[in-house]
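Trainee: Chain by chain, the residues run as shown.
There are 2 protein chains.
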Amino acid sequence: MEEITVDVAIIGSGTAGLNAMGQVRRARKSFVLINGGEAGTTCARVGCMPSKVLIQVAEDFHRKSLFSRCGIEGGDGLSVDRPEVMEYVQHIRDNFVDRVLSNSTDHLGDEFIEDYARFVEPTLLAVGDKRIRATGVVIATGSTPIVPDAWRVFGDRVITTDEFFELEDLPDSMAVIGLGVIGLELGQSLNRLGVKVTGIDLAANIGGLSDPVVARHALDIMSNEFPIWLGEAAELSETDDGRIRVRAGDNEVVVDKVLAAMGRRPNVDHLNLEALGVEVDAKGVPLHSQATCQVGDLPVFLAGDVNGHRPILHEAGDDGKIAGYNAAHPEAVTAFRRKPWIGITFCDPNIITVGQTHGHIDLESAVIGEMPVAPVGRALIMGKNKGMIRLYADKASGRFLGAEMIAPAGEHLAHLLVWAIQNEMTVGEMLRMPFYHPVMEEAVQAALNNLYAEVDTKNPGPITELATV
Amino acid sequence: MEEITVDVAIIGSGTAGLNAMGQVRRARKSFVLINGGEAGTTCARVGCMPSKVLIQVAEDFHRKSLFSRCGIEGGDGLSVDRPEVMEYVQHIRDNFVDRVLSNSTDHLGDEFIEDYARFVEPTLLAVGDKRIRATGVVIATGSTPIVPDAWRVFGDRVITTDEFFELEDLPDSMAVIGLGVIGLELGQSLNRLGVKVTGIDLAANIGGLSDPVVARHALDIMSNEFPIWLGEAAELSETDDGRIRVRAGDNEVVVDKVLAAMGRRPNVDHLNLEALGVEVDAKGVPLHSQATCQVGDLPVFLAGDVNGHRPILHEAGDDGKIAGYNAAHPEAVTAFRRKPWIGITFCDPNIITVGQTHGHIDLESAVIGEMPVAPVGRALIMGKNKGMIRLYADKASGRFLGAEMIAPAGEHLAHLLVWAIQNEMTVGEMLRMPFYHPVMEEAVQAALNNLYAEVDTKNPGPITELATV
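Chains as they are written, first to last, in this note's numbering: chain Y, 1 to 469; chain C, 1 to 469.
Just so you know, these hints were derived from the structure itself, not from any lab. Treat each hint with caution, since some may be false.
Treat identical chains as interchangeable: a pair holds within one or across any two.
[Claimed, not checked] Below, a list of computed lysine-lysine pairs in the DSS-like style, where the Cα atoms sit at most 30 angstroms apart:
id : residue 1 : residue 2
1  : Lys29     : Lys458
2  : Lys458    : Lys339
3  : Lys130    : Lys339
4  : Lys339    : Lys283
5  : Lys196    : Lys458
6  : Lys458    : Lys130
7  : Lys395    : Lys458
8  : Lys130    : Lys29
9  : Lys339    : Lys395
10 : Lys386    : Lys196
If we strip away everything but chain Y, and leave its shape as in the complex, we get (with noise of 0.2 angstroms):
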């Protein structure tokens, strides 16, 4: 059996994997990147990309709901091809695919191997008839979106997004299971398009909320739009017609298709982790640091989402970073300082949760400042008059702790928000800051305005706005 060595083996050619490939190289270290299954990152293939391109086709379409009050005529005549709609994804996910290989593995020659790589002992790897042998190794295999057992007896009538941009048309009907980011995006642009879309979630909340505030308005702002069942687990059978009937508490639809959007899980069933021999959590995954990404205290690292930490690009592409800086020099593993969470739903309006949320914050030593949506100049200029921000602070420093919100614009406003709280700012500090008019920022400075009435570290001078010279 044909051994090779390397200094590092990364195993998964998605951000993580890639991001390590680039530390190694700028170590100059021998590697090999293998890759088992599709290539392609699962942002490009069947995630963020692809979903912000039929987002982008629902919200356009949907903009005709406001046509007649202000002067565009014709809006009713205004209709979906819906095989046209994901021939037109697909393309544009195609290109972003493309890109993504020919900036990375399109030019890797023996170093790329692309097949399952298995755990022999902790540096040894079994790739089909290889054996590799590596100083430092990164796991970096992403995952894969859940279907119960249970439901893979109805075939193609239940998906999920590894299927669903695959679709040549849709169904005229979808049970949405799951109202997570994926459930919140497709649900509600599927609906836009016309399908018939019913959202069930065993949570009490949507958008992965913890603020009850916020929630309430999320659940009130997307209900609108299409039926959402909460609290129960959905049930699935079969109908006459061979349709599926979805049940969930005393709710029950027939729909053509069910969208399966229940998280997904990391794929290391084919690793062979035994072959580690370090503990697993619930989810069989190895423990692990997240400042070194290291597995106990082997010269493996964890990096991306097969984590099951923040399956989010920007996050995949640090672990990667780290995973692949540290597997390169094992011999002296660096601890870095993760980023603030930053978490985006791009449903209408935005979802978003920033910094510590409702769910982390201590209620006891935190404040809360808050602005409605609805009377601000510029949503009410956009026709998106809806939602509700909420601002924690800690109120003994005034520091500004993190946000939920759903509202327009809101991907722009986390920015600002988790720039904020990695700057460590006070409330105070943040309302001396230019806000220009009329912005949807200025929502945000409402609510800080509501916040810096509840923390008690306020700003000297006699204009809180305005710092002295």
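Got chain Y; can you put chain C on it based on the hints?
Mentor: Chain C only, in chain Y's frame:
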């Protein structure tokens, strides 16, 4: 003649005057608020707000150009009812004006005087048949659109924003003279709504841009929508059929109306500023400090658009607060730090200037990083993949200085960048901030990466984008 004695007299009830009033009230001083002419802020009546409404309608209508590529059918059947558009704009505008008034002057009794004020002495005003003696005075009289005297002969065929938002219908053709904020915002919107627009400016660049690369992109993008003539003064004459012939250099067009958008002049004519006995600048504005708003060493303070510095709402608000506070405490005038510059032209894509622009940076000590919008994933998805982002930093220290750009979502990117400037961040520190995916903020990240390569001061640690614990 009745003489009233108050602590503070505020001339002008726009944004600056109302903010001044807020500070005077907080100081529990007596005051009068004097306003000649129409009540309501420039912003709400004829500025930011109604222009944003028109832009939103025009943008919604313009999106139809993207419909056929993505499966939305019937876009060709959309049309605009221009009188209905204007009625809608006026309706929303009236709401905003009512809101301003009901929050401010509607509840004032004798403290609100609707008349013009004239200085008799620095602290003595004549208002109608009254005299007002004040310990401190705030001048917040705003500004008026410039129309060359020679053009008055054309009557209502040459209009400014003062008249534009009152139109009951839009003409079939217009020349927009002056391509700053107002000219670009209204010119592009009118053209998108079916008015045949010609844009003309004496300057070499549009949108107040000083960066030649960004200016070229902006001109290319805007010229793609309507003809733009730069570098020549416009000359107007009447045609035989009562329309307006506009000539600029070798170019010539005949239009129904002309929108004069050539800037605004301070409202100082009726104030009898000679009574202050201080030096004035070329526009007739008394010399004053921006940090205190004080005129010379008089207890007289200048605030808002009348000062000729930064005719934008949040700066007028800051002016008003500073002037109001100092007028209420003229015995100990306080100097305040002013915010870094942020300028947004809400055309599509947005044109942005932030902090030190290309015209301000020292090209010897500064470096530039750029990112074209064309390849940015989210921009492609939005169908807005045109534009250019240019960022400036101090080479030695790596300190981020400013930016110019034409980019989608530029209004939001501008906030992120201006906050970074006020926080005195380096390029390296900015690169360590979270950037989600796929968002337009990633275009800023790419430009920062390019800029980072040019600066001497790099982040410590083995991975540039990550801080060690």
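Trainee: Run every hint past the structure and note whether it holds.
Mentor: Going down the list of hints, with the structure as the test:
Within a single copy, Lys29 and Lys458 get their C-alpha atoms only as close as 52 angstroms, which misses the 30 angstroms cut-off; across copies the closest is 24 angstroms, which meets it. Within a single copy, Lys458 and Lys339 get their C-alpha atoms as close as 27 angstroms, and across copies as close as 19 angstroms, so both meet the 30 angstroms cut-off. For the identical chains of this complex, Lys130 and Lys339 are neighbours neither inside a copy (38 angstroms) nor across copies (63 angstroms), given an alpha-carbon limit of 30 angstroms. Proximity of Lys339 and Lys283 under a CA criterion of 30 angstroms is satisfied intra-copy only: 24 angstroms inside one chain copy versus 50 angstroms between copies.
In this assembly of identical chains, Lys196 and Lys458 lie within 30 angstroms of each other by CA distance neither inside one copy nor across copies; the values are 51 angstroms within and 54 angstroms between. Taking identical chains as interchangeable, the C-alpha atoms of Lys458 and Lys130 are never at most 30 angstroms apart, the minima being 65 angstroms within one chain and 42 angstroms between chains. When the C-alpha separation of Lys395 and Lys458 is checked against a cutoff of 30 angstroms, the pair qualifies only within one copy, where the shortest distance is 10 angstroms, while the shortest distance between copies is 36 angstroms. Taking the shortest Cα distances, Lys130 and Lys29 sit within 30 angstroms of each other inside one copy (20 angstroms), while across copies they are farther apart (86 angstroms).
In the homo-oligomer, the alpha carbons of Lys339 and Lys395 lie at most 30 angstroms apart both inside one protomer (23 angstroms) and across protomers (26 angstroms), since each shortest distance falls under that limit. Taking the shortest alpha-carbon separations for Lys386 and Lys196, only the intra-copy value of 23 angstroms comes in at or below 30 angstroms, while the best inter-copy value is 36 angstroms.
Hints 3, 5 and 6 from the list above are not met by this structure, while the remaining hints are.
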